[in-house]
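Those letters in the sequence shown? Residues 462 to 613, per our numbering, in order.
Treat the hints with care, since some could be wrong.
Stated by the list, open to error - Derived pair list, reagent style SDA-like, types lysine to any residue, alpha-carbon separation capped at 25 Å:
id, residue 1, residue 2
1, Lys592, Leu501
2, Lys592, Glu508
3, Lys592, Pro547
4, Lys592, Arg557
5, Lys592, Asp545
6, Lys592, Pro529
7, Lys592, Gly581
Stated by the list, open to error - Derived DEER-like restraints, expressed as beta-carbon distance ranges:
id, residue 1, residue 2, range
8, Gly497, Ser544, 21 to 27 Å
9, Arg492, Glu595, 18 to 24 Å
10, Thr496, Ser544, 30 to 36 Å
11, Ala515, Pro576, 17 to 23 Å
12, Arg556, Gly488, 18 to 24 Å
It is worth saying that the hints were derived from the structure and are not from the lab. Ideal Cβ placement from N, Cα and C applies to all residues, glycine included.
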Amino acid sequence: MIRRLTLAAIAAATCATPAVPAYAQSGAVHRVPVTGVVELGLAPFIERSLEEAAAAGAVAVVLDMDTPGGRVDAAERISDALSDSPVPVYTLVNRRAFSAGALIALSTDRIYMRPGSVIGAATPVDGSGTKAPEKIVSAMRSEMRALAETAG
């Protein structure tokens, strides 16, 4: 099943590829794992992965995701990098994309989900696990809504 979803993502990436001379494209699809808790170190890793994919002439990047979420500041930095990527980026939710993972997934061009996988549960919390103030929750809700509307 994962193979079919990956092939679907590759097919979608090929159809969505901008017109670039054939010699400039490698035809490769770069897979970037997004597993575990979203920490600050993930943002530069994803930024570097996107730069490498663009330099290699990749036709797409697939974020292979299984995360319980994590830091909102890291997710926002990743979201900005995904929005700026010249290479189409897709998310394959392998198991879960909670909280910060949902924000990251919504920042990509398309989301593909393995049967039984889940996305959501995106309430910001502070360092102790207490729900963040309504002002922050409202800001995150607005950002996620805007991302969902942008991608369709």
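Exercise for review: With respect to the beta-carbon atoms only, verify the hint that Thr496 and Ser544 lie 30 to 36 Å apart.
Suggested key: Violated, at about 22 Å.
Practice item. For the pair we were handed, Lys592 and Leu501, check the Cα-Cα distance against 25 Å. Key: holds (20 Å)
Review point. Taking 18 to 24 Å as the hint, is the beta-carbon distance of Arg556 and Gly488 inside that range?
Key: Between Arg556 and Gly488, where Cβ atoms are some 29 Å apart, the hint is violated.
Check your understanding: Could one say that the CB atoms of Arg492 and Glu595 fall in the range 18 to 24 Å?
Key -> Since Arg492 and Glu595 have Cβ atoms about 38 Å apart, the given range 18 to 24 Å is violated.
**Study point:** Gly497 versus Ser544 beta-carbon gap, inside 21 to 27 Å or not
**Key:** holds (23 Å)
Practice item. Assess, step by step, whether the Cα of Lys592 is no farther than 25 Å from the Cα of Pro529, and give holds or violated. Key: holds (16 Å)
**Study point:** Satisfaction of hint between Pro547 and Lys592, Cα-Cα up to 25 Å
**Key:** Violated, because 36 Å separates the two Cα atoms, which is more than 25 Å.
Practice item. Mind checking the alpha carbons of Lys592 and Gly581 for me, to see if they're no more than 25 Å apart? Key: The hint holds at about 16 Å.
Point to revise | Lys592 paired with Glu508 [C-alpha distance capped at 25 Å] | key: violated (29 Å)
**Study point:** Pair hint outcome, Lys592 versus Asp545 [Cα-Cα no greater than 25 Å]
**Key:** Since the Cα atoms of Lys592 and Asp545 sit roughly 30 Å apart, the hinted pair is violated (cutoff 25 Å).
Exercise for review: Given the hint of 17 to 23 Å, check if Ala515 and Pro576 actually sit that far apart at their C-beta atoms.
Suggested key: violated (32 Å)
Review point. Does the structure keep Lys592 and Arg557 at a Cα separation of 25 Å or less?
Key: holds (21 Å)
Taken one by one, the earlier hints fail for this structure at numbers 2, 3, 5, 9, 10, 11, 12, listed in ascending order.
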